[in-house]
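Each residue of the sequence shown is one higher than the one before, starting from 8 at the first, in the working numbering.
Some hints here could point you the wrong way.
To be verified - Restraint-style ranges between C-beta atoms, simulated for each label pair: (1) Val116 to Gly425: 43 to 51 Å; (2) Gln262 to Ala190: 41 to 49 Å; (3) Asp487 to Glu142: 35 to 43 Å; (4) Ser313 to Asp447: 32 to 40 Å; (5) Arg549 to Asp222: 40 to 48 Å.
To be verified - Below, a list of computed lysine to aspartate or glutamate pairs in the DMTMM-like style, where the Cα atoms sit at most 20 Å apart: (6) Lys312 to Asp281; (7) Lys314 to Glu423; (8) Lys314 to Glu516; (9) Lys385 to Asp302; (10) Lys312 to Glu193; (11) Lys269 to Glu187; (12) Lys314 to Asp281; (13) Lys312 to Asp265; (14) Lys385 to Asp265; (15) Lys312 to Glu516; (16) Lys269 to Glu626; (17) Lys314 to Glu187; (18) Lys314 to Asp265.
Note that these hints are calculated values from the structure, not bench results. Glycine residues also receive a C-beta, built at the ideal position from the N, C-alpha and C atoms.
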Amino acid sequence: MTPPSPTPLQPWHRQAGTDWFRLQGIDRSMLGAQQLYLAGSEGLMLAASQAALELRADDWLGSGTLRNSLYVEPWAQLSTARELALVLDAQGSFRVRVMRASRGQTPVVLRELHVDSAARSCHALPLGSLSALPENSRLFWHVDAIDGARIHQAAWCTRARPRERLRLAVLLRTWGRTHELQAQLERLAQGAQEEPFHAELLGRMQFWVLDTSADADGLWPAAITAALGLNLRVLTGPNLGGGGNASHLIHQLLQHCDASPKEAPQEVLILDDDLVLSMESLARHFMACAYRAVDHVASLPVLMKSKPTQVWEDGGFWGRLNFQARGDFGRKRNLFPHLLKHGLSLENFAHLDEFGPLNHCEYTTFIFFALPLATLRKIGLPAAFFLRGDDIEYSLRAQAAGVPVITNPNLAAWHEPGHSYGQEYMAILHAVLINLTHSDGGAAELSRWFEQRMVEHGSIDDLAGMQLYLRVLETLLDRDSPVLTQQFEQHYLQALPACQAARMNPLPEADRQRLERDAGDNGVLLRPFVYPGYQPDAGRHRAVVLVNGGAGSYRELPPVAPADRLALMTRYLAALSRWVQDFDALRAFWQQRLAASGQPGFWREVAQQHAAATRLLAETSAHLPTPGTARCGNLPLEASPVVGRGSEAALPQAVPVRELRQRIERELANLTRLRRLAAGPETDAPAGGSLRSLAGWWRELRRPAASRGNRRRSASAELPLPSDFDPAQYLALNADVARTGMDAAQHYARFGRGEGRRYRL
């Protein structure tokens, strides 16, 4: 009876390959931060043109960095993946170890394997069940070259099968950043050019772009869209802001899904137009969706473009954590979110294990926001916010519907934060609206907050700052305002220009650093342009300068007449008094508007209003990879060599000191084996022993025992000797061979080639 074939290994978290090293040349040149990808010994070259990494003797290579550590908890808690193995496609003489680390603990070795093979082959290190690994584990592999090695691929694999025929819709919207968005699409397309696995995944993705730029018609010529080679639909329409455009685009997607249900994706991913995301992260997210076991919203750690090793956010909470005396989590909120891991530096490996525990947060960002299509239909569409806070409100709504929000540390993206008076106006207005629905705070809490803002800005005579909060109050008091109606964008298009009246001037970095360093000596009071704090001694300073650190700009406050300050305060306090008196009615009014603006019917009416302006600009299909070349879905990882650049080239030259040390360690064992060979024919063990590649396990098992035992020996014997083979030098370099009395050419052909022995100086 023939035993059943085991389920083939499935790649779900591609950790290495030609795509990795090509991306070194793309992302690193733009972002810096080599340590975010791979770690290696000094002098190890991560050249973008290499199809594999060449390790000389004593070189080492490790994946224990942020981008290439395997964080276990998302897979253990949220996926159907269970068994885990590291599969390494390599050749040469090296040692590979799988390590485990967690917060506050020293890394330990889980599995170790020594490889000494001149031929390219796959080696698997089974790690058992994911659920059996200690909680909050971070896994990584470490390769130490002995006599030189070449690493072609490394992948974390599982025996579980992913969902078949999975499709992912990737939504991007832009206004004025078309070239940045096109650069991101090109980055993804380039990331799949030489990697069939990624190419197949791109073939399963649908990219939807809504470009509301005034000149969008001329920015998407056929040559550009065709060259990308993606399943791409480009629409143009009215500018409804970042949040409004997101919902308008989602409505177009849902309409298309209803009309063509067989083409509908199962997963949806919302991306910002100016993020930096590698194809590697997108592929990992796709496979996470393919193994999804728990309904959830997923995002990722967001790092800064200008400081690529500094975390901007890893999700957050709405307001600050508020643990009451008895330890219960309260619903009381501050007006602004609390970013998790904000400012955390990843310049070294010290903080990597902070990402080990699965990060459950209350909200995450639309920079990268992923959820199943069915969940999107369940929650509704994002609210009618022009910009700022739409992702927070949508995440809180998902939580209220029982859908958890997490961030996946196996992914990462880069984005640059931005702040301006206009952006702060929208952030504050929407923060109050969110509080009215998702917080128990009443009139007293919000009133005190607005009072504090007035006192802070009034203490430094910052009338523009006070006017910002006054505009928010007046908008909240205006029940005829188009905010959260089908004409919501009209309010912002009128209000935002007024917010830009207080212009801040850019300042070169060197000058800004000098200004901050010498401010005290020059009698200058430097404060942030928002939340400056109460400054009772501001009048003693020669000047007050407000700084927008993120934008690198500043504004010196002009002198203010007391009458102007008091007049503004009078208006401010009158508006705040009305807010407190009518609070209950205003809360109910805005709660109803906010809830209605997230319903499909609301966005159906918005789409009908803008139907004439919403048009299809371009539509292209992906260039799918050649069948049988991709390595995802239900295709097994094959143990046979894969032809690639340099796969037949000679291994890096060994370092004699290391080689001699290895020869001494093996001398006694070799002498025993060679004497046995001289006495009679040898029956070799199956190639690879108990550690042979799991991917080729069934194929190897069915091979007749005799052919299995002699496969490596016969294959080596058939190869011609190198043209510069010198028998005398071979015996001089390999004293153990000389002592056996065997013919130098015969020994090299049968054994020396496979062992990587040197044959001449």
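Hint check:
no., hint, in the structure
1, Val116 to Gly425: 43 to 51 Å, "holds (45 Å)"
2, Gln262 to Ala190: 41 to 49 Å, "violated (29 Å)"
3, Asp487 to Glu142: 35 to 43 Å, "violated (55 Å)"
4, Ser313 to Asp447: 32 to 40 Å, "holds (38 Å)"
5, Arg549 to Asp222: 40 to 48 Å, "holds (47 Å)"
6, Lys312 to Asp281, "holds (10 Å)"
7, Lys314 to Glu423, "holds (9 Å)"
8, Lys314 to Glu516, "holds (14 Å)"
9, Lys385 to Asp302, "holds (11 Å)"
10, Lys312 to Glu193, "holds (18 Å)"
11, Lys269 to Glu187, "violated (32 Å)"
12, Lys314 to Asp281, "holds (16 Å)"
13, Lys312 to Asp265, "violated (38 Å)"
14, Lys385 to Asp265, "holds (15 Å)"
15, Lys312 to Glu516, "holds (16 Å)"
16, Lys269 to Glu626, "holds (18 Å)"
17, Lys314 to Glu187, "holds (19 Å)"
18, Lys314 to Asp265, "violated (43 Å)"
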